Structures are given as structure tokens and as C-alpha cells.
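Q: One letter stands for each residue in the lines below.
Protein chains: 2
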Amino acid sequence: MSDPVVQGLIEALRALPGVGQKSAQRMAFHLLQHNRAGAIKLAQALLQSVDEVGHCERCHTFSRDRICSICLDPTRDARVLCVVETPADLAALERTGSYRGMYFVLAGALSPLDGVGVRDIGFAPLLARAMDGVVDEVVLATNFTAEGEITAHVLSEQLKSRGLKVTRLARGVPVGSELEYVDLGTIAHALMDRR
Amino acid sequence: MSDPVVQGLIEALRALPGVGQKSAQRMAFHLLQHNRAGAIKLAQALLQSVDEVGHCERCHTFSRDRICSICLDPTRDARVLCVVETPADLAALERTGSYRGMYFVLAGALSPLDGVGVRDIGFAPLLARAMDGVVDEVVLATNFTAEGEITAHVLSEQLKSRGLKVTRLARGVPVGSELEYVDLGTIAHALMDRR
Numbered sequence: 008m009s010d011p012v013v014q015g016l017i018e019a020l021r022a023l024p025g026v027g028q029k030s031a032q033r034m035a036f037h038l039l040q041h042n043r044a045g046a047i048k049l050a051q052a053l054l055q056s057v058d059e060v061g062h063c064e065r066c067h068t069f070s071r072d073r074i075c076s077i078c079l080d081p082t083r084d085a086r087v088l089c090v091v092e093t094p095a096d097l098a099a100l101e102r103t104g105s106y107r108g109m110y111f112v113l114a115g116a117l118s119p120l121d122g123v124g125v126r127d128i129g130f131a132p133l134l135a136r137a138m139d140g141v142v143d144e145v146v147l148a149t150n151f152t153a154e155g156e157i158t159a160h161v162l163s164e165q166l167k168s169r170g171l172k173v174t175r176l177a178r179g180v181p182v183g184s185e186l187e188y189v190d191l192g193t194i195a196h197a198l199m200d201r202r
Numbered sequence: 008m009s010d011p012v013v014q015g016l017i018e019a020l021r022a023l024p025g026v027g028q029k030s031a032q033r034m035a036f037h038l039l040q041h042n043r044a045g046a047i048k049l050a051q052a053l054l055q056s057v058d059e060v061g062h063c064e065r066c067h068t069f070s071r072d073r074i075c076s077i078c079l080d081p082t083r084d085a086r087v088l089c090v091v092e093t094p095a096d097l098a099a100l101e102r103t104g105s106y107r108g109m110y111f112v113l114a115g116a117l118s119p120l121d122g123v124g125v126r127d128i129g130f131a132p133l134l135a136r137a138m139d140g141v142v143d144e145v146v147l148a149t150n151f152t153a154e155g156e157i158t159a160h161v162l163s164e165q166l167k168s169r170g171l172k173v174t175r176l177a178r179g180v181p182v183g184s185e186l187e188y189v190d191l192g193t194i195a196h197a198l199m200d201r202r
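Sequence lines, in order, name chains A and B.
In this text, residue positions in the first sequence follow our numbering: the first is 8, and each later residue adds one.
In this text, residue positions in the second sequence follow our numbering: the first is 8, and each later residue adds one.
Among the clues, some could well be false.
To be verified - Which bits of chain B does chain A cover? Going by a derived footprint, with three or more residues having C-beta under 8 Å, they are: (1) 15-21; (2) 29-35; (3) 44-50; (4) 53-60; (5) 68-80; (6) 90-96.
By construction, these hints were calculated from the structure, which means they are not laboratory data.
Fair warning: this is a prediction, and the values are worked out from it, not measured in the lab.
The C-beta atom is built at its ideal place from N, Cα and C for all residues, glycine as well.
Working from the sequences, and respecting the hints, build out all of it.
A: Now the structure itself:
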């Protein structure tokens, strides 16, 4: 399409993660041809989110209030602080319904190869948060990827040196999986951590 | 994320074709965490496109003007009319630089199983367009899928019965491909249409 406005839309859609030129073109055509109402709704949702959604001052998750509802909840256990990489990870933990402590959301994980260091992901605010005098255990729930493991390792050192108890989510065989198809590293960890 | 505004954004992102719950969530988090400027730009591009981009009255492609630049171009051959399924297909043909006739863009292809019939994809306007007294050849460039072939077949019958010359894009072996990996139907067609 040679129309510069349609081109601009295609270009703008590429801001979405995982969307290349072809997908962006397909999306633009689909919205203009079949779902203009959806396009307007999406535009409004984007503007409203950018306008209203900030970060909780205490745990850094997405929040429209200065302090999010989890941080304000007096029934939660303020002695346990769970560190995750993203608000999506926080949401996943919440959905289990089996954690009643507090959270701290990093801005992603350490990734030296991409130039993402301790400053970029908010280590200092986390250390300050963990040293509030109430927290006595920090649960590291960063991803079990290379980046997440490095992040957990570096964080663990720093937190332990400040006298805090540090734990990590258990590694093991995923529920519902067949051993035959589980990777060797996972099985090895599950064996080591058997109980 | 329990925040209803973020949830609304995730919901709105699902209007995009091929985007499910997981991708929408990833997109929302990415935009809010890393690319708020991109989110605003996308919102503006969506609103501008919906507001300004309509369809050319003659060929039905996307256009901000009542008649698009191709239909207005006096150097193009008005005797040849090429029928495509979407503006994206028109763009692909234009990029080849080897077609100098006019276009007509259907609203997709016939798909009886999905309840898409001749009325839904704009057959009547096409027949009216093709019978303008100037067009003497209609090139059917619908896709070489089941739906596109049915569409071409039905169109061909209708146009021929009105005394127009009807052609179809040649089927054959794609340029740059190795015979070994080309499907049998394509090879059979390439054999039949050998020249």
C-alpha cells in the first residue's frame, strides 16, 4: 500500500514485540477492512493505559495508584518479599493463590550481553525495600533462564551479605509432565532436591 | 495483572489478527514497561488511519481520496482490469512494476464454509466496473488457495457470459525454487502450461 497514512500505521504496529513487517501489514489491513471499531478501542486503551498506569512506589508493579492494592493489603505477610522480573510473573504467582507475602518487581533480568546491568533493573530500590526492617525472607522468583539465574545469583549474594534469608523457587519436574520428555537438567535438579 | 485498565489494554490488543491472550499480555507489558512513546504513536496512527483512510470509489483499495492515485493515473491502461482479494495483493503486484492496467479490490474471497458469499465480497460493484465499456480484459489475480480458486472460477463464469476476455495469473514453479521441493500440483500445472 502506497498510502503514507496506512504506511504510518504499519510502521507504528511494529512497536509491538514480535511483530515484523509482514504481520504489521496484515494487522493494519485487517483493522481497516474488518474491525475499525476495534482499532478505535485499541487506540483509546493505549492512551488510557499510558496516561493512568504507572508503577507502585513500593513494589514497582503496574498500578494506577501511588501504592498498589497488594502493598496496601494488611492481611498479607510483610515479612516475606518475592522478587520477580515482570508484572506478568507477579500475576502468574498471584493466580496460584498460594503466596500471601509481598512482591518486588524488577525491570527485567540482568543481561550483560545486552548491556543490561544492575542499575538498569532496579537493584538499589530492591535492596532498600528489603532492608525495611520487617522483611526477613526474600524469595527469588526470577525466571529459570540464563539471565534469570544470573540475576538470582547476584541478588542472593547481595541480600545474604545484608543478613537476610534468601530462598529460590524450587526447580523440579513440572506438574503433569512425563519424565521421558523432561530435559536432563531439570531431572538432575529434581533428583538433588528430592524430598 | 489485576489492574482493570491494563486488562482493558490486553483485551483491546486481541482485536489484532493472530494475537491471543498470551501475546496480548506480552505486548501490553512491553509497551507500558519499555515503549510508552511507541504506544502513544500507535494510538495516534490508529485514530488517524480510521479517520482518514477510506476506500477508492472505483477500485475499492484503501485511499484517503475519493478516487485513488492509480485510478486517476491517465498513463495506465484502462482496458485491463486486475482483480485481487486485498489491498496487500494490489501492493504486491505494484511492487513488481510489470503491470500497468487498473485494479479492482474484492473484500476477500468467497468462502461458503464461513458463510462468505458473492454479496459479501463485492461481486456486483466489480461486474458494474468491468462493464464500463472500456475494460476488455479482466485478469483474475485472486490467491491460489481453495477460496481464491473458487472466487476466480465464479467470477470467470460471470464475466465471460458478459462478453469479456478473462485471464488468470499463470500457475507454475516459483522463481528461485528447486523442483525437488515444489509440490506436485504446482509441477503438474507447470507441465501443462509449459511454453
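Q: With a cut-off of 8 Å between beta carbons, are at least three residues of the stretch 15-21 of chain B near chain A?
A: holds (count 5)
Q: Quick one: see if chain A covers the stretch 44-50 of chain B, three-plus residues with Cβ-Cβ under 8 Å.
A: holds (count 6)
Q: For the stretch 53-60 of chain B, do three or more residues have a beta carbon lying closer than 8 Å to a beta carbon of chain A?
A: Since three or more residues must qualify, the claim that chain A covers the stretch 53-60 of chain B holds, with 7 doing so at under 8 Å.
Q: Between the stretch 90-96 of chain B and chain A, are there enough contacts, at least three residues with CB-CB distance under 8 Å, for the coverage claim to hold?
A: holds (count 3)
Q: Cut-off 8 Å, C-beta pairs, minimum 3 residues; does the coverage of the stretch 68-80 of chain B by chain A stand?
A: holds (count 5)
Q: Using C-beta distances, would you say chain A covers the stretch 29-35 of chain B, given that this needs three or more residues below 8 Å?
A: Check passed, 5 qualifying residues.
In the structure shown, no violation is registered for any of the earlier numbered hints.
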